Amino acid sequence: MTWVNVVIQGILLGGLYALYATGLSLVFGVMRMVNLAHGDLSILAAFICLLVVGVVDVNPLLAIVVVVPFVFLVGYVLQRFLLNFTLKGDEMRPLLATFGLSVIIQNGLLQGFSADSRGLDAGSIESASLALGGKVAFGWFPLLILVVSVLVIVLLNAFLTRTQLGRAFRATSDDQEAARLMGIDNKHIYALAMGIALAIVALAGVLMGIRTTFTPGIGPARLVYAFEAVIMGGLGSSWGTLVGGIMLGVAQTVGFQLSPGWGIFVGHLVFVVVLAVRPSGLFAKTVN
Amino acid sequence: MSLLELEDISTRYGDFQALFSVSLSVNAGESFGVIGANGAGKSTLLKTIAGLLVSPTGTVRFDGEAVEHLPAHKRVVRGISLVPEGRRVFPSLTVHENLQVGAYGKRGGPWDLDAVYEVFPLLVKLKNKQASFLSGGEQQALAIGRALMSNPRLLLIDEVSLGLAPVVIRHLYEALADVVRSGMTVILVEQDIGQIMEVADRVCCLLEGRKVIEGERGAVSREQITEAYFGMRT
Amino acid sequence: MKEPRELSVQRSTTVSKAALVIGVVTVAVLATVPLWADQSTSRTLVSLLTLIALAQMWNLLAGYAGLMSVGQQGYIGIGAYSLWLLTDVFGIHPFLAVPLTGLFAAAISLPTAALVFRLKGGYFAIGTWVMAEIFRLIVANIPQTGGGSGKTITAVAQMSVDERMRGTYWLALAVAVGAVLVVYAILRARVGLALTAIRDNEPAVESLGVHVFKAKLSAYVLAAFGCAVAGAVVYLNLLRIQPDPSFSISWTATMIFIVVIGGVGTIEGPILGAIIYFALQETLSSYGSWYLILLGALAVVITVWFPGGLWGTVVRRWGVHLFPVQRRLRMGKAGESE
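If you read the sequences in order, they're chains A, B and C.
Quick note: the first sequence uses this note's numbering, first residue 338, plus one each step.
Quick note: the second sequence uses this note's numbering, first residue 4, plus one each step.
Quick note: the third sequence uses this note's numbering, first residue 277, plus one each step.
These are calculated hints, taken from the structure and not from any lab test.
Computed from a prediction, not measured in an experiment: that's the story for all the values here.
Note that the Cβ used here is the ideal one computed from N, Cα and C, for glycine as well.
Hints are supplied without guarantee of correctness; some may be wrong.
Unchecked claim - With a cut-off of at most 20 Å between alpha-carbon atoms, the simulated DMTMM-like pairs for lysine to aspartate or glutamate come out as follows:
(1) Lys130/B <-> Asp117/B
(2) Lys396/C <-> Asp427/A
(3) Lys130/B <-> Glu141/B
(4) Lys109/B <-> Asp427/A
(5) Lys77/B <-> Glu141/B
(6) Lys109/B <-> Glu514/A
(7) Lys132/B <-> Asp117/B
(8) Lys132/B <-> Glu121/B
(9) Lys524/A <-> Asp512/A
(10) Lys425/A <-> Glu514/A
(11) Lys425/A <-> Asp18/B
(12) Lys128/B <-> Asp117/B
(13) Lys77/B <-> Asp522/A
(14) Lys524/A <-> Asp453/A
(15) Lys128/B <-> Glu141/B
(16) Lys77/B <-> Asp66/B
(17) Lys132/B <-> Asp427/A
(18) Lys524/A <-> Glu428/A
(19) Lys396/C <-> Asp522/A
(20) Lys130/B <-> Asp115/B
(21) Lys77/B <-> Glu428/A
(22) Lys109/B <-> Asp66/B
(23) Lys524/A <-> Asp427/A
(24) Lys128/B <-> Asp115/B
(25) Lys524/A <-> Glu514/A
(26) Lys524/A <-> Asp458/A
(27) Lys77/B <-> Asp427/A
To be verified - Coverage of chain A stretches by chain B, computed from C-beta distances (three or more under 8 Å per stretch; other residues unrestricted):
(28) 497–505
(29) 519–527
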């Protein structure tokens, strides 16, 4: 029964990873760009939430309504007035610029908040859990995170397929020059995509901050998990990303159960095996 | 009254100069043909009008206003629409979605989904098919239909016939004739002289980036164009 | 009709010939440093020289092969740990062990490449990072390598301080000069042309039949070799190896900062960048995070607004090349002066 429990915990953890991965995948899908500061920006959101909660003393879950739109704005401005300039020419440029950003954010947070672990206190929901008999139980809050990530994927898919703006996202992704000929301002679309992606990881960052503790330095690991979920799931497949996230979550919790030091390693190992056996991922969408 | 006036256009790609001080004017309601060999600068000319390329010199006036500094997406809103070379439909979108995206600029007018499906009935049954699975002719029809969805006042079409079978080309040109009859101003670019001489009111010929001949359909003979096309005149 | 003039391909210029003389003299002078300077000078120069070597390796990857790796710390760590393995476990002389660490890393880099080369662009970057993390986690979790607390390289500690310092210094100099020369040689050779072409236009090169994969793989393996050897020299100096610092991403961050500031894709850039980085580190590193924020901001500003870095800006402004890797087409007979 212990193992059933471990797998359930892994699935729930995977929900969080899927949320990080969805943002990464959206940005890559729309502008073929990988944001190396992706994880750090989600940690930044958690710290912003910490500030908000400190100032107005509300539940961090409520603070989300301020933090997420704010980070959306940060993403829009960042892309529109900085990263868009790096999209011309060498594909290394956005990577170098976002790597620099990652260093700035990590050290900025370190300077502002020190290296101490922080947590966001959402009250009793954090520890509430449902026992299913035996040793099997799951926390309501991790379940909520999984539900949120499924909801985000559903909403994002609906946005991309059902709305005119969503279709513009996909058209820009297919052929940005042809999209411009339709009256689509690709720079605005890129900025919106980054805004939405960062809003999603901001949500992930706050939820993670409630679920566990965080420090300024853990951003890069979030980026790596998001990446592993995206690659395992298959580029361009949103449900694949969810499955990838869950696989990673299960691998890590199973690994932790075997030996605490090897938890993350087992996650990487599963990723490497998928990369070796199915480099295009499990649910790769065939383009063209 | 001229809808489009180009003056002294000399567009370049980096070190390569594609156009040399080209000037021309196109009247409202007119269909204008641009003929030239591969590499004569025809596509460059259309891209400069559409705003994908910018000439370091000269002016582009549309409906009396200078638009040479406007980016492509803003020129669409003004009413300039380009059907690009190679069709460039959005491969992962369905036919219907491609048309919907065509209306992104939100210009009102007679062209909507129904009107486009009426001019290109073959698209109706392909509505929910992903554009990447369409044949070349179907993609071309879709590309033209998609451009019409923005209700342009000036429609630029880059090589309708490229890589298509003669029968398909004829069908497309028949549909285009309908569009022209509706009063749309059209600039057509072709390598092939045949079709364009039937649709265009006026033609010009480009040779190595320079305009070498221009005139009414009746006033310019095929021989003159052929000579200009290959640069045989001295 | 005019007389037909011969075209000749010219590579060296007066400036580059002068640079060669100055370069040889500088290396010769640097080689004598341990004989007359004090230990702290040698130590400082060892750091600078290893930085030049590391930066040159990252430059080879990014600037010439178009591979953005953020996982080179993996090979530095492998260099450190294989130094310990070869000296303390197998009893090989430390100075001899240093080049062998490179072979060790090169051997590991081959299967690693088989995995990460399946990923493109930004995803390749994160993939290399994952591989470095995998190396770190293995070393940190097996008791034989000392786990999280690491190992001290005792074989090196047993040498006299003088002998160790001199040997380390000369190795560092050899690694730095070697890195510059090897990258230079690669760029002059055909494979260099192929790599520069990869950076400029991959599909075109593929159609020309150049073996893009082989060229990229060679660059990757060579960079693994170079990073391991440079890492081994660093730890000859430090003696204490631990998984977290040895496999830290800050190694790669340093390489990136140096190359970006100096200029990606040139040989002069990383040398200039290393000197600037080193000067900044010596003067500002006491400011801790502020110093790193400054470096990050510098990298962003240079990437966005001055993509050629400092040296690229110099080249654009004045057309100066110290290392003649580019071929200039000249009118007139070969060897004739202008």
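Comparing the hints with the structure gives:
no. : hint                  : in the structure
1   : Lys130/B <-> Asp117/B : holds, 12 Å
2   : Lys396/C <-> Asp427/A : holds, 13 Å
3   : Lys130/B <-> Glu141/B : holds, 11 Å
4   : Lys109/B <-> Asp427/A : violated, 35 Å
5   : Lys77/B <-> Glu141/B  : violated, 28 Å
6   : Lys109/B <-> Glu514/A : holds, 19 Å
7   : Lys132/B <-> Asp117/B : holds, 17 Å
8   : Lys132/B <-> Glu121/B : holds, 18 Å
9   : Lys524/A <-> Asp512/A : holds, 13 Å
10  : Lys425/A <-> Glu514/A : holds, 13 Å
11  : Lys425/A <-> Asp18/B  : holds, 18 Å
12  : Lys128/B <-> Asp117/B : holds, 13 Å
13  : Lys77/B <-> Asp522/A  : holds, 8 Å
14  : Lys524/A <-> Asp453/A : violated, 39 Å
15  : Lys128/B <-> Glu141/B : holds, 11 Å
16  : Lys77/B <-> Asp66/B   : holds, 14 Å
17  : Lys132/B <-> Asp427/A : violated, 35 Å
18  : Lys524/A <-> Glu428/A : holds, 17 Å
19  : Lys396/C <-> Asp522/A : violated, 27 Å
20  : Lys130/B <-> Asp115/B : holds, 14 Å
21  : Lys77/B <-> Glu428/A  : violated, 27 Å
22  : Lys109/B <-> Asp66/B  : holds, 19 Å
23  : Lys524/A <-> Asp427/A : holds, 18 Å
24  : Lys128/B <-> Asp115/B : holds, 17 Å
25  : Lys524/A <-> Glu514/A : holds, 11 Å
26  : Lys524/A <-> Asp458/A : violated, 38 Å
27  : Lys77/B <-> Asp427/A  : violated, 27 Å
28  : 497–505               : holds (count 3)
29  : 519–527               : holds (count 5)
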